[in-house]
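A.B. asks: Each chain, written out:
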Amino acid sequence: MQEEHIDQCEFIPGGLSGVITIGVSSRMDADEPEPLLTSLAAHLEEHQLTDIEVRASGGFGFFSAERLVKVSKHGLPSIIYGGVTPDLMADIVRHHLADGAPVSEAALCQMPIREDSVDGIPHFKDIAFFGLQQPVVSWRCGHINPERIEDAFRTGSYGTLETILKQGPKDILSMIETAQMHGHGGPGSSIVDRWTAVAEQDEETVLICNALEVEAGSFKDQWLMESDPHRIIEGMIIAARAIGARIGYIVLNPLYTLAKHRLEIAISQARRHRRLGQGIQGSSVDFEIIIRSGPPGYITGEETALVSFLSGEAGPHVMPPSGIDRLNDQPALVANVETFAQLAVLPFGSDEEGPPPTRLFTLEGTTNTGVVEVEVGTTIRELICDMGATSEEYIKAVAIGGHLGGVIPADLLDTPLAEASYRWLNIWPGTGLLSVIDQSVSMSEWLGQQLQFGAQESCGACTPCREGMEQAHRLMQRLRNGDGQGQDLILLDQLASYISNSSMCGYGQAVPNGISTAIRYFGNELRDQLTGGH
Amino acid sequence: MDILTFSVGDMRMGIPVSQVALSRVLPQSTLRTDHTGTGSLDATMPVIDLRHKFCFPIPAGEGDTRFIVIDMDNTSVGLVINWTSEVSILQNIEMEAAPETDHPYVTGMVMDRREPVFLFDWDMVLSSDTLLNLNDLFSKPILEDFVSPTTLFLDAILQGAQTPEQVSVQHVRQFAETHNIPLSTASRLVSFYLQNPVSDI
Chain A
1 MQEEHIDQCE FIPGGLSGVI TIGVSSRMDA DEPEPLLTSL AAHLEEHQLT DIEVRASGGF
61 GFFSAERLVK VSKHGLPSII YGGVTPDLMA DIVRHHLADG APVSEAALCQ MPIREDSVDG
121 IPHFKDIAFF GLQQPVVSWR CGHINPERIE DAFRTGSYGT LETILKQGPK DILSMIETAQ
181 MHGHGGPGSS IVDRWTAVAE QDEETVLICN ALEVEAGSFK DQWLMESDPH RIIEGMIIAA
241 RAIGARIGYI VLNPLYTLAK HRLEIAISQA RRHRRLGQGI QGSSVDFEII IRSGPPGYIT
301 GEETALVSFL SGEAGPHVMP PSGIDRLNDQ PALVANVETF AQLAVLPFGS DEEGPPPTRL
361 FTLEGTTNTG VVEVEVGTTI RELICDMGAT SEEYIKAVAI GGHLGGVIPA DLLDTPLAEA
421 SYRWLNIWPG TGLLSVIDQS VSMSEWLGQQ LQFGAQESCG ACTPCREGME QAHRLMQRLR
481 NGDGQGQDLI LLDQLASYIS NSSMCGYGQA VPNGISTAIR YFGNELRDQL TGGH
Chain B
1001 MDILTFSVGD MRMGIPVSQV ALSRVLPQST LRTDHTGTGS LDATMPVIDL RHKFCFPIPA
1061 GEGDTRFIVI DMDNTSVGLV INWTSEVSIL QNIEMEAAPE TDHPYVTGMV MDRREPVFLF
1121 DWDMVLSSDT LLNLNDLFSK PILEDFVSPT TLFLDAILQG AQTPEQVSVQ HVRQFAETHN
1181 IPLSTASRLV SFYLQNPVSD I
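Listed in order, the protein sequences are those of chains A and B.
Counted from 1, the first sequence has number 519 at position 519 by the numbering used here; the numbering is strictly sequential.
Counted from 1, the second sequence has number 1091 at position 91 by the numbering used here; the numbering is strictly sequential.
No lab work stands behind these hints, which were simulated from the structure alone.
Careful: at least some of the hints might be erroneous.
Taking lysine to aspartate or glutamate and the EDC-like style, the derived pairs with C-alpha atoms no more than 20 Å apart in a straight line are [unchecked claim]:
1. A:396 / A:411
2. A:73 / A:116
3. A:73 / A:53
4. A:396 / A:386
5. A:73 / A:91
6. A:260 / B:1136
7. A:73 / A:7
8. A:166 / B:1112
9. A:170 / A:202
10. A:396 / A:382
11. A:260 / A:147
12. A:396 / A:525
13. B:1140 / A:147
14. A:170 / A:200
15. A:396 / A:445
16. A:260 / B:1145
17. A:260 / B:1155
18. B:1140 / A:264
19. B:1140 / A:286
20. A:166 / B:1115
From the derived model, a few chain A residues whose C-beta atoms are all more than 12 Å from chain B [as the list claims (entries may be wrong)]:
21. 123
22. 168
23. 424
Beta carbons: idealized from backbone N, C-alpha and C, even for Gly.
Taking the hints into account, I'd like the entire structure generated from these sequences.
C.D. replies: This is how it looks when you write it as structure tokens:
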């Protein structure tokens, strides 16, 4: 985290002696925040601490240390406590807030590097989960109140909007090209050509934010929306200006009720402050955001299926040859939540160099779990072993990108996570989910589950995916029943290639990645397990 | 018209200067408001905390209170605003309609340094017993969203799907009729999105 960001996170309003920030996110059980807040209120009253602001933020992203609480008090660095219980909250109020003596034994870390650092508490830079991150879009998450637009304003939101409104689409697209922005929801490829093609359409366009995040285990979009909804809104305004859209949809996972609540508040606030609606900031530019709860089902997260849903239709469709989809007869552009967030941090109207390209990942199956933001090119080892605190001996493989990604062996942990690697590994980073597969898991079992999922979730609209995934699933079952031959794995690999090359939509094109990478990297193990070495 | 502007919560608000009698900062101890945000100054002048009235959080620990006094029907009323509020006067402004809402409480809007300043019917605001959540007043989208009949049908079905027992063949028929879409289309959509073939429609 940059020093100026830390300073902004340390903000204590005038007249107050401190701020206690409780991260309230969907990663907590629904009944967890209430006892903490009750304990806090009771003990603040008991100690007559009337000059402390209680701030509810989104989560800090460190799921395995949840119930995180940050205490900022004049004269002390901010201290983050993890796994806070009502009893610990009482100690924090009594010792830290009332007496100015942090509860060192329960503290996770302290934030700024200062002369008055508290002995015995590690600095956040020394906690690998935080210290190895490069938060560019997520640095406010956990630190600001997502339901207060003043917090967003104070920390720079909507600061470039005046420039954006003056600039034409070409200037914005030029900045996107300079920043070499990539998509953050699918194959992870460059976005500028497609966005330029949509912007060049001689008609009004529609913007769609894909917030379905259908991949089980991935929470990066949910975390961003819950913790910093104004970042998404600002990014959508910039994107709308770039492509000439007046309406933008956020199609939200129906289970994301807290994200919906906070987005609705943020949208109302942005309307009140004329960052949304007719005549944004007194200009002639109009833009409105409408939230739609999406349908259940994995396939609806696919780009064309999402457009179908908004059109009142069912299932994916063939993308027109122009590569531009249409919603209600208008050109439509679909992008992921994180892509919009990344757009909001570009330095429009400034000669300054933009921030380094980063990407969010959800760590699953690791000792430390949560969402992290790292610079593009960070290795899988740094994410899994260092930030995730997982021993290399424990790791057999890492599944990257969920069901549309692929799997790599522990030998490749030093692979940097960048576009060139995704192409080389033949995977989609997709939702940015990194799942550790431990040594106890048989790859045939893992692949069997992948194929079962692939066959079940195929919508059936095109033959290669519908029939291909079913055949692949049956072939795998035959192998697992001991009826297979060594050459069946070659057949399975060829089938994966055929499905990938001839399916209609992104789902069919990407879901065989699991088969091809498993065979490529674990072929010997699969052959031994499935055919007894025949 | 000249407008005195001030901040309440995260909003800039305005009031015609002709209605304003006084703007000053007082020690907190001089002012008494109860949990409803109303009270009195020196037990004489009625006071209303606008932050409470408009559902904004009231920061803890403010030593002093900033308030303005306005005249309403020859009666002075104190309005508590943000302690940190900048109070300034906009001269000779032309009011425009607030596009975001047609709510009767909001009478208009002016732009000041690219920030909207909202004007209210203060008689109506202060005489109302209810709290006014500004997010509710401004929650309606102001650009038209084209919604097809099939989308409306889908919304209704998916809403019903949250309580699965409500999605029956009868409901599908009823929703299809309400939104005037063919039963074959309704069947296809339900079959796909709920993964539940409704074969006997």
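A.B. asks: Measure nothing beyond the straight line between the CA atoms of residue 166 of chain A and residue 1112 of chain B; if it is 20 Å or shorter, mark the hint as holding.
C.D. replies: holds (18 Å)
A.B. asks: Measure nothing beyond the straight line between the CA atoms of residue 1140 of chain B and residue 286 of chain A; if it is 20 Å or shorter, mark the hint as holding.
C.D. replies: holds (15 Å)
A.B. asks: Given the hint that residue 260 of chain A pairs with residue 1136 of chain B, test it: the Cα-Cα distance must not exceed 20 Å.
C.D. replies: The given pair, whose Cα atoms are some 15 Å apart, holds under the 20 Å limit.
A.B. asks: Starting from residue 260 of chain A, check that the Cα of residue 1145 of chain B is at most 20 Å away, please.
C.D. replies: The hint holds at about 18 Å.
A.B. asks: Mind checking the alpha carbons of residue 73 of chain A and residue 91 of chain A for me, to see if they're no more than 20 Å apart?
C.D. replies: holds (15 Å)
A.B. asks: Between the alpha carbons of residue 396 of chain A and residue 411 of chain A, is the straight-line distance 20 Å or under?
C.D. replies: holds (9 Å)
A.B. asks: Would the pair residue 1140 of chain B and residue 147 of chain A pass a check requiring their Cα atoms to be no farther apart than 20 Å?
C.D. replies: With a Cα-Cα distance of about 18 Å, the restraint between residue 1140 of chain B and residue 147 of chain A holds, given a limit of 20 Å.
A.B. asks: Given the hint that residue 260 of chain A pairs with residue 147 of chain A, test it: the Cα-Cα distance must not exceed 20 Å.
C.D. replies: Since the Cα atoms of residue 260 of chain A and residue 147 of chain A sit roughly 12 Å apart, the hinted pair holds (cutoff 20 Å).
A.B. asks: Assess, step by step, whether the Cα of residue 396 of chain A is no farther than 20 Å from the Cα of residue 386 of chain A, and give holds or violated.
C.D. replies: holds (16 Å)
A.B. asks: Residue 1140 of chain B and residue 264 of chain A: Cα distance at most 20 Å?
C.D. replies: holds (10 Å)
A.B. asks: Test the statement that residue 123 of chain A is away from the interface with chain B: the closest C-beta pair must be farther apart than 12 Å.
C.D. replies: Label holds. Min Cβ-Cβ 29 Å, cutoff 12 Å.
A.B. asks: Taking only the CA atoms, is the gap from residue 166 of chain A to residue 1115 of chain B under or equal to 20 Å?
C.D. replies: holds (16 Å)
Figure legend: structure checked against the earlier numbered hints; every hint is met.
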